[in-house]
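Keeping the supplied structure of chain A fixed, place chain B upon it in accordance with the hints.
Listed below are the residues making up each chain.
Protein chains: 2
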Amino acid sequence: MFIIGEKINTVNPRVLRAVEERDAPFISDLAQVQARAGAEIIDVNVGSHPSAEPGNMRWAVERIQEIVDLPLAVDSPNPQAVRAGLEACHNKEQAWANSVTLEKARLEGLLPGVAEYGCTVVGLCMDERGLPPTPAGRLEVAKRLADEVERRRIAPDKLYLDALVEPISVESKAALVSLETLRAIRSALPEIKTVICLSGISFGLPARRLLNRVFLPLLLQAGVDAIFMDPLDRRLMAALRASQALLGHDAHGLKYIAAYRSKQLE
Amino acid sequence: MFIIGEKINTVNPRVLRAVEERDAPFISDLAQVQARAGAEIIDVNVGSHPSAEPGNMRWAVERIQEIVDLPLAVDSPNPQAVRAGLEACHNKEQAWANSVTLEKARLEGLLPGVAEYGCTVVGLCMDERGLPPTPAGRLEVAKRLADEVERRRIAPDKLYLDALVEPISVESKAALVSLETLRAIRSALPEIKTVICLSGISFGLPARRLLNRVFLPLLLQAGVDAIFMDPLDRRLMAALRASQALLGHDAHGLKYIAAYRSKQLE
Chain A
1 MFIIGEKINT VNPRVLRAVE ERDAPFISDL AQVQARAGAE IIDVNVGSHP
51 SAEPGNMRWA VERIQEIVDL PLAVDSPNPQ AVRAGLEACH NKEQAWANSV
101 TLEKARLEGL LPGVAEYGCT VVGLCMDERG LPPTPAGRLE VAKRLADEVE
151 RRRIAPDKLY LDALVEPISV ESKAALVSLE TLRAIRSALP EIKTVICLSG
201 ISFGLPARRL LNRVFLPLLL QAGVDAIFMD PLDRRLMAAL RASQALLGHD
251 AHGLKYIAAY RSKQLE
Chain B
1 MFIIGEKINT VNPRVLRAVE ERDAPFISDL AQVQARAGAE IIDVNVGSHP
51 SAEPGNMRWA VERIQEIVDL PLAVDSPNPQ AVRAGLEACH NKEQAWANSV
101 TLEKARLEGL LPGVAEYGCT VVGLCMDERG LPPTPAGRLE VAKRLADEVE
151 RRRIAPDKLY LDALVEPISV ESKAALVSLE TLRAIRSALP EIKTVICLSG
201 ISFGLPARRL LNRVFLPLLL QAGVDAIFMD PLDRRLMAAL RASQALLGHD
251 AHGLKYIAAY RSKQLE
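In order, the protein sequence lines correspond to chains A and B. Heads up: the first sequence is residues 1 to 266, going by the working numbering. Heads up: the second sequence is residues 1 to 266, going by the working numbering.
Please note: incorrect hints may appear among the correct ones.
Label pairs and their in silico Cβ distance ranges [claimed, not checked]:
hint	chain 1	residue 1	chain 2	residue 2	range
1	B	261	A	152	31 to 39 Å
2	B	40	A	16	42 to 50 Å
3	A	25	B	225	53 to 61 Å
4	A	143	B	171	35 to 43 Å
5	B	69	A	143	37 to 45 Å
Over the 10 Å line for every Cβ pair with chain A, so calculated as not near, a few chain B residues [said to hold, decoys possible]:
hint	residue
6	50
7	66
8	91
9	93
10	106
11	126
12	151
13	155
14	173
15	223
16	225
17	253
Computed cross-link-like contacts, BS3-like style, restricted to lysine-lysine with a CA-CA straight-line distance of at most 27 Å [as the list claims (entries may be wrong)]:
hint	chain 1	residue 1	chain 2	residue 2
18	A	193	B	255
19	B	193	A	173
20	B	92	A	173
21	B	92	B	7
22	A	104	A	143
23	B	104	B	92
24	B	104	A	263
25	B	263	A	173
26	A	7	A	255
Everything labelled a hint here was simulated from the structure, so no lab data went into it. It should be emphasised that the depicted structure is a prediction, and the values quoted were computed from it without experimental measurement. Think of the CB as a built atom: it goes at the ideal place given N, C-alpha and C, for glycine as much as any other residue.
Next up, chain A with everything else stripped away, as it sits in the complex:
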């Protein structure tokens, strides 16, 4: 399971300011601390004014690469911004294009670049009408996204399908729907990978981090292949170690014991 560090996101006003002011040390540091904390991919979401986004993305990707040697997930609903970020990536095959949906503009705008660069692409299980409420509806979109990718001769394991989460404050069964969607995709499309954005589940509720870390073992058990999460949340990372020990990914808990000894479980 890959940890995608989610902290570089202009939804955070401090990050937005750093992007607008071209504060390179701030952005590079935020990449570096995530890498040190265990992130394996760094998400880069630097939207501000739409016209500025391709330039923001190119700038951020260049700055982060000077400091951190990890794959980057170039994250925007705007295909031009994703394309600009991918062009700036040194190692395009390792990069992630985040994201496509079944909307024609996003498919046509992004998949040719994905095919050309051999990068990974995130597909959101939503279409022109939005997010299907049921696992069956999301699986239907997933299959169509898999077809679009196959049609362009992109390898199936380069597609990560985002099962999507709604907040449980809005839809009480939202976690169950996401978990069932993950299982349905794995069963129906075994060559395709899955991804989820953890913290969406807790939006609108207090004590959000508690909900996020309790959702984590359920996602791991459902077999998710990558998670957008906050690697700087120490208790979340401790819950990840515990989940891996419980789910049989850590023989006799030896990694868990090592994490305890290096004070990562406090």
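This is chain B only, laid out in the frame that chain A set:
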């Protein structure tokens, strides 16, 4: 899901001393604090010398009932001690007899009393040879226990089958085996209830409470009907509230918000 408070257990030297010295306030208080923290059933495990156990059990049940108006789980491998505890219970129909296995002495020693009193009985999924290592093996024992109960005209929903947990420090797949056993029992024996002892999973590892609270949402998702756990572990109880919100048992997270406001999630 029922919370069975596990704190009155002579495996804890302080509890053993209180039982041997007939320290009624200590035992009553330990029942009361568990009830206030959310326990719905109080487990009473007061083994010391085998010959003393029936007397210990009678004494403890009498003292606890003077203070706490909750069902008691009379817990001993010794049928005479369980019988002595049941005899002392005011409300025998609400009591739990904990536990039988397929061993003849335990079946014959306990089930006639269970049938007579109409109480609940915990059945451990183990036979004379011990604990089957696979879910299929445990389900086989579960079916035989269900047959034994049915043969004595005990209602099926009075049987709680303990899927049992081994420590992951010993068997890396132990949590997965227990979860799969719970699912197998629910599927094959839908009238029968299930129970688990949470903290067995973490025996032999450091930071045990972290493992216990990460195991909790997995057990709830597997549909377990009752859990032996420590209701005084505030972070475990907070994880329980979060699990219930995530698993659709708490519409719009309203109970979670209430727990947050009453500072139960800290």
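How the hints compare with the structure:
1. Hint check: residue 261 of chain B to residue 152 of chain A, Cβ distance near 52 Å, so the stated range 31 to 39 Å is violated.
2. Between residue 40 of chain B and residue 16 of chain A, the C-beta spacing of about 48 Å keeps the proposed range 42 to 50 Å intact.
3. Distance hint check: the CB atoms of residue 25 of chain A and residue 225 of chain B are about 55 Å apart, consistent with the given range 53 to 61 Å.
4. Checked against the given bound of 35 to 43 Å, the beta carbons of residue 143 of chain A and residue 171 of chain B, roughly 38 Å apart, stay inside it.
5. Distance hint check: the CB atoms of residue 69 of chain B and residue 143 of chain A are about 56 Å apart, inconsistent with the given range 37 to 45 Å.
6. Non-interface call for residue 50 of chain B relative to chain A: holds, since the shortest CB-CB distance, roughly 34 Å, exceeds 10 Å.
7. Residue placement check: residue 66 of chain B keeps its beta carbon more than 10 Å from all beta carbons of chain A (closest about 37 Å).
8. Every Cβ of chain A is farther than 10 Å from the Cβ of residue 91 of chain B; the closest lies at roughly 35 Å, confirming the non-interface assignment.
9. Separation of residue 93 of chain B from chain A is adequate, the least Cβ-Cβ distance of about 34 Å exceeding the 10 Å criterion.
10. No beta-carbon of chain A comes within 10 Å of the beta-carbon of residue 106 of chain B; the shortest separation is about 30 Å.
11. Annotated as non-interface, residue 126 of chain B keeps its C-beta farther than 10 Å from every C-beta of chain A; the closest such distance is 22 Å.
12. The non-interface label for residue 151 of chain B is consistent with chain A: the shortest C-beta to C-beta separation is roughly 37 Å, beyond 10 Å.
13. Interface exclusion of residue 155 of chain B from chain A stands, the closest Cβ pair being 30 Å apart, more than 10 Å.
14. Not every CB of chain A is more than 10 Å from the CB of residue 173 of chain B (nearest about 5 Å), against its label as outside the interface.
15. Chain A leaves residue 223 of chain B outside its interface by the beta-carbon criterion, the shortest separation being 12 Å against a cut-off of 10 Å.
16. Non-interface status of residue 225 of chain B relative to chain A is upheld: no Cβ of that chain comes within 10 Å, the nearest being about 18 Å off.
17. With 10 Å as the threshold on Cβ separation, the claim that residue 253 of chain B sits away from chain A is violated: the shortest Cβ distance comes to roughly 5 Å.
18. Between residue 193 of chain A and residue 255 of chain B, the direct Cα distance comes to roughly 35 Å. Violation of the 27 Å bound is thereby established for this hinted pair.
19. Of the pairs offered as hints, the one joining residue 193 of chain B and residue 173 of chain A holds, with about 24 Å between alpha carbons and a cut-off of 27 Å not exceeded.
20. Using a Cα cut-off of 27 Å, the hinted pair residue 92 of chain B and residue 173 of chain A is violated, with the two alpha carbons roughly 38 Å apart.
21. With a C-alpha separation of about 21 Å, the suggested pairing of residue 92 of chain B with residue 7 of chain B holds against the 27 Å cut-off.
22. At most 27 Å may separate the alpha-carbon atoms for a hinted pair to count; residue 104 of chain A and residue 143 of chain A meet this at roughly 16 Å.
23. Our distance criterion of 27 Å between C-alpha atoms is met by residue 104 of chain B and residue 92 of chain B, whose separation comes to about 24 Å.
24. As the CA atoms of residue 104 of chain B and residue 263 of chain A are separated by approximately 48 Å, the hinted pair breaks the 27 Å bound.
25. Only pairs whose Cα atoms come within 27 Å are accepted, and residue 263 of chain B paired with residue 173 of chain A is accepted, the gap being roughly 25 Å.
26. With a C-alpha separation of about 26 Å, the suggested pair residue 7 of chain A and residue 255 of chain A falls inside the 27 Å cut-off, and the hint holds.
This entry does not satisfy hints 1, 5, 14, 17, 18, 20, 24, going by the numbered hints stated previously.
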